[in-house]
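Colleague: Once you've looked at the hints, dock chains B and C with the ligands against the given chain A.
These protein sequence lines are chains A, B and C, in that order.
Per our numbering, residue 1 is the first one in the first sequence, and the count goes up by one each step.
Per our numbering, residue 1001 is the first one in the second sequence, and the count goes up by one each step.
Per our numbering, residue 2001 is the first one in the third sequence, and the count goes up by one each step.
For the record, the hints were derived by calculation from the structure and aren't laboratory data.
Careful, some of the hints might be misleading.
To be verified - Restricting the straight-line Cα-Cα distance to at most 30 Å, the calculated cross-link-like pairs of lysine-lysine (DSSO-like) are:
{"no.": "1", "chain 1": "A", "residue 1": "K22", "chain 2": "C", "residue 2": "K2154"}
{"no.": "2", "chain 1": "B", "residue 1": "K1323", "chain 2": "C", "residue 2": "K2250"}
{"no.": "3", "chain 1": "B", "residue 1": "K1094", "chain 2": "B", "residue 2": "K1068"}
{"no.": "4", "chain 1": "B", "residue 1": "K1086", "chain 2": "A", "residue 2": "K259"}
{"no.": "5", "chain 1": "C", "residue 1": "K2010", "chain 2": "C", "residue 2": "K2249"}
{"no.": "6", "chain 1": "B", "residue 1": "K1094", "chain 2": "C", "residue 2": "K2141"}
{"no.": "7", "chain 1": "C", "residue 1": "K2141", "chain 2": "B", "residue 2": "K1086"}
{"no.": "8", "chain 1": "A", "residue 1": "K153", "chain 2": "C", "residue 2": "K2156"}
{"no.": "9", "chain 1": "A", "residue 1": "K22", "chain 2": "C", "residue 2": "K2003"}
{"no.": "10", "chain 1": "B", "residue 1": "K1135", "chain 2": "A", "residue 2": "K259"}
Unchecked claim - For each label pair, taking beta carbons as the anchor points, the in silico distance ranges come out as:
{"no.": "11", "chain 1": "B", "residue 1": "P1115", "chain 2": "C", "residue 2": "D2036", "range": "38 to 48 Å"}
{"no.": "12", "chain 1": "B", "residue 1": "D1342", "chain 2": "A", "residue 2": "S72", "range": "20 to 30 Å"}
{"no.": "13", "chain 1": "B", "residue 1": "D1289", "chain 2": "C", "residue 2": "V2071", "range": "30 to 40 Å"}
{"no.": "14", "chain 1": "A", "residue 1": "N160", "chain 2": "C", "residue 2": "D2131", "range": "34 to 44 Å"}
{"no.": "15", "chain 1": "B", "residue 1": "N1235", "chain 2": "C", "residue 2": "E2227", "range": "25 to 35 Å"}
{"no.": "16", "chain 1": "A", "residue 1": "S72", "chain 2": "C", "residue 2": "R2221", "range": "57 to 67 Å"}
{"no.": "17", "chain 1": "B", "residue 1": "K1376", "chain 2": "A", "residue 2": "V35", "range": "53 to 63 Å"}
{"no.": "18", "chain 1": "B", "residue 1": "G1245", "chain 2": "C", "residue 2": "D2233", "range": "39 to 49 Å"}
Quick reminder that beta carbons are idealized off the backbone N, C-alpha and C, glycines included.
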Amino acid sequence: MTEPALNDPMLPMPFVVVENIKNNPDCTLLAVRPVDSSHLCLYKPGQFFMLYAFGYGEVPISINSDPSLKHSLTFTIRDVGGVTAALCALEPGDPLGVRGPFGNGWPMEDLAGRDVIVMAGGLGCVPLRPVVYHLLQNRKDYGRVSLLYGSRKPEAFLFNKELQIWKRHIDVRLIVDDPAPNWDGPFGHTTDLVKNLEIDKDNTSVMICGPEIMINLSADKMLELGIPPQHVHISMERNMKCAIGQCGRCQFGPDFICKDGPVFAYDKVVERLLDIKEV
Amino acid sequence: MKKTDSPAACIDRKDIDALFAALKAEGYALVGPTVQNGVIVYDDISTAGDLPIGWRDEQEAGTYRLKKRGDAALFGYNVGPQAWKKFLFPPREKLWTADKTRHAIAFHPETPDAPGYAFIGVRACDIHAIRVQDKVFMSKNHANPRYKARREKAFILAVNCGQAAKTCFCMSMNTGPKAEDGFDLALTEIIGDSHYFVVETGTEQGKALLDKIPHRAANEDDLKSAAACTDNAKNEMGRKLDTTGLKDILSRNYENPRWEIVAERCLTCANCTMVCPTCFCSTVEDTTDLAGNHAERWQTWDSCFTMDFTHLHGGGSVRHSEKARYRQWMTHKLSTWFDQFDTSGCVGCGRCIAWCPVGIDITEEAAALRTSDGEKND
Amino acid sequence: MTKPKLAVWKFASCDGCQLSLLDCEDELLSLAGEIDIANFREASRAVVEGPYDLSLVEGSITTPHDRERIVEVRAQSKYLVTIGACATAGGIQALRNFKDVKDFISIVYAHPEYIDTLETSTPIAAHVHVDYELHGCPINKKQLLEVINSFLHKRKPDIPSYSVCIECKRRGTPCVTVSHGIACLGPVTHAGCGAICPAYNRGCYGCYGPKETPNTESLARWLRGNEMISEEDMLRLFRTFNADAPAFKKESERHE
Ligand SMILES: Cc1cc2nc3c(=O)[nH]c(=O)nc-3n(C[C@H](O)[C@H](O)[C@H](O)COP(=O)(O)OP(=O)(O)OC[C@H]3O[C@@H](n4cnc5c(N)ncnc54)[C@H](O)[C@@H]3O)c2cc1C
Ligand code: SF4
Ligand code: SF4
Ligand code: FES
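For reference, chain A alone in the conformation it holds in the complex (with noise of 0.2 Å):
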């Protein structure tokens, strides 16, 4: 009788941490790998895991690494709670449990050929990391490729060595919120960086996470740029517990964020939405 129960959706399975790095006060880069070496880890950027702390609960974490790697996933979490504190402080060899992956992914089919703007706000960057890697390892599958990015704090900006690394093959812009003795760069909001970027507006998808107001923000100013909404992409978060669309938590009118998102284009009905206060 055990043969239904293993296809449980809900049931973690065992894996264990390889590495964790602290990238900076709050943020912990936390490297794992299955217990089954046989399992491969296979997914889309764009989409998340749920990672058990023991004890503590399951959050949903999006995926960070290079999606090119196929026996460990990479999660950049912040310590905000109970359990991504518990993940943070798992050290190697400590074991936790995953599923996933969930969701739908950033439609990285739908890019080939163009330009890409990548918006990130914040910890939005982390979910938009794979996808870089995708477009840096598929460089002349695509157009140019600008990555903008936002932080509060010039020390908040997440995977520092690489931003160095990928400024030699795509346009990297950074701002952050206010100006800052260690910071040399501009300050202001990641839509003020689309200032004096050339854009093709016929041929250009963009894809955007961070926090909701700048998502909202970021989309409204591409489509005034003229980009159709079907090529602007966003990714949303909402409290999850199951993220096979059964518990309920995180509806967003029609959709599940879990099952039908977190990528959604930026049509008129999620437009609407997240002009509408508390949906």
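Modeller: Just chains B and C with the ligands, lined up with the frame of chain A:
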């Protein structure tokens, strides 16, 4: 379940116990309506004597009372505060346990505990409600193995309503009062010169069961009497919900001032969601023993009316106002459910109307939105 | 690693909440393995000096002496949890807040001049910073264990603040207001007791205090409008163990 084309039959009132005994002999656990503390609930039953004999339920927004009918009907009432989801999707259920050593966690799945339930007295609206939940829990990609095991084994003995409560509106939702399919056997209770049941068979299992108990073929008169029962229920139907264009009305009225009016009354107590036969929201509890080496995950019924439901770290709850929570519930039932599951989330059973402690009425709210369609606060 | 030190403190209260801890027989044993019960007069005379990692505080502040003592307790406690209606909302003794306390004293005591008491009974949080409040009169022992357990493992206690109705429905109790016309505070009361009273066909007395976003006004309007309760009884219904909790206080004042 495929419908069979067997002709209708009749069973005598006194042979209902034979029917129950036959189900028991097949190994089914019988659950059905029974009176407890002045309310008809669903619980273990054994014989016809456990049924609410001679009772009817008088219902209105915010009230429910049992009254004597003046006859000895077995199924002369409509629906109470409980739904069959209490068996298929229990209010609290263990999902798995886990044990931890220094470098490993062993997860132990809970094997689906699946008694074969025989549901006695399932109304047409509730058959539809079960099918609505099937769409949630038995999706192709991610079936809930416990729900699925119980659902697939369940025997459904439907009963066609011969009366309707003031809170009923199945006719508006096209879900009743007569069960068209989705049952193993369906009874229509006839009380006249004699007390008997017209039986329709829905499945081969149903037919096989019927063959084990005394019955006779139904004649024209029997079928007429059964139709008259259904007509009586239609005539008594206490409420209406105009569904024309309703899905779109809801989806374009997120900012209608009506939500504020209902929010002044709504207690955000969640009773409506708990009693609704289609509401499926849940949460999980992760626990450990004090030493912290043994963990469990439990799933429990939850509700879109709680603050925790949309809690986001840092930002508090997405739907913090009462207005937003009631709006989510009703818009989901009557509009976004179609987008998600290609069906209405409401089957017109009226439970949410009767069991709302302050009598908020989904049909009244829908009608009010229709008349104020397009109004908006600035 | 040394075990975290637990202290239990008592202010104006009936001891019922502390008894919940004593009532955790089996759990208390494994608790003793994880935590050092350093100061718990109800259980043992032996006292280990502070500071304490976790302090559980029962009771409300009703005397000038207590008002000073709670400041000392706070100073010795890294994490302070108040337990029960007295500590979180002033308790039944907060009824004095609605009257002149001297009247009570002269009725109750032979020598009123010996009684040194404050005009009000106030919750601990009115005096010092409280890290977590556990509601109930008395508290539920499972919830108390959850608070201690979550403290030990540094996570947020899983203690829902929704209505008693949810607990009622999960255990299968039909609503007593709807089916019998009994006035019940369940829809505005914080879950936690497991919905005991309605299971015995009585209305909820609100022992766990107001729930999140309590709409007491709508409930009161409905109960009165359907003549399930008189105006005087409505006042009493909201004025019991959590009389001074803001939402209940405001509602009771509407029925004065
Ligand atoms: C699709 C998706 C991808 C995400 N990717 C990342 C990522 O890559 N890195 C990262 O640091 N964070 C990510 N988050 C956010 C992360 O899941 C929350 O920070 C986390 O759930 C907070 O839980 P906690 O127990 O640590 O915090 P607490 O604030 O203590 O949470 C308390 C409770 O709130 C609930 N809760 C709060 N926020 C959420 C949420 N978003 N989803 C589910 N439950 C929540 C939990 O139920 C938890 O029990 C993502 C969220 C989503 C939906
Ligand atoms: S509609 Fe009624 S039952 Fe539902 S949450 Fe509001 S007050 Fe409670
Ligand atoms: S929304 Fe109300 S009437 Fe509709 S199915 Fe649910 S409980 Fe029944
Ligand atoms: S997370 Fe449960 S429905 Fe989306």
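Colleague: It remains to establish, for every hint, whether it holds in the given structure.
Modeller: Quick rundown of the hints versus the structure:
Proximity of K22 of chain A to K2154 of chain C is assessed by CA-CA distance (about 20 Å); at most 30 Å being required, the pair is judged to hold. As the CA atoms of K1323 of chain B and K2250 of chain C are separated by approximately 22 Å, the hinted pair is consistent with the 30 Å bound. For the hint linking K1094 of chain B to K1068 of chain B, the alpha-carbon distance of about 41 Å lies beyond 30 Å, and the restraint is violated. For the hint pairing K1086 of chain B with K259 of chain A, the CA-to-CA distance comes to about 26 Å; that is within 30 Å, so the pair holds.
The suggested pairing of K2010 of chain C with K2249 of chain C holds, with an alpha-carbon distance near 25 Å, which does not exceed 30 Å. Restraint check: the Cα-Cα separation between K1094 of chain B and K2141 of chain C comes to about 21 Å, which is no more than 30 Å; the hinted pair holds. Proposed proximity of K2141 of chain C and K1086 of chain B is supported: the alpha carbons are some 27 Å apart, at most 30 Å. Among the hinted pairs, K153 of chain A with K2156 of chain C is consistent with the structure: their alpha-carbon atoms are about 29 Å apart, no more than 30 Å.
Distance restraint check for K22 of chain A and K2003 of chain C: the Cα-Cα separation of roughly 28 Å lies within the 30 Å cut-off, and the hinted pair is therefore satisfied. Between K1135 of chain B and K259 of chain A the CA atoms are separated by roughly 15 Å; this keeps the pair inside 30 Å, and the hint holds. Distance hint check for P1115 of chain B and D2036 of chain C: the Cβ-Cβ separation is about 47 Å, which falls inside the suggested range of 38 to 48 Å. Under the hint 20 to 30 Å, the C-beta atoms of D1342 of chain B and S72 of chain A, about 39 Å apart, miss the expected range.
A beta carbon spacing of about 36 Å between D1289 of chain B and V2071 of chain C agrees with the range 30 to 40 Å that was offered as a hint. Take N160 of chain A and D2131 of chain C: their Cβ atoms lie about 36 Å apart, and the range 34 to 44 Å holds. Between N1235 of chain B and E2227 of chain C the beta carbon distance is about 32 Å. The supplied range of 25 to 35 Å therefore holds. With their beta carbons about 60 Å apart, S72 of chain A and R2221 of chain C fall inside the hinted range of 57 to 67 Å.
At about 55 Å, the beta-carbon gap between K1376 of chain B and V35 of chain A stays in the expected band of 53 to 63 Å. Checked against the hint of 39 to 49 Å, the pair G1245 of chain B and D2233 of chain C passes, with Cβ atoms roughly 47 Å apart.
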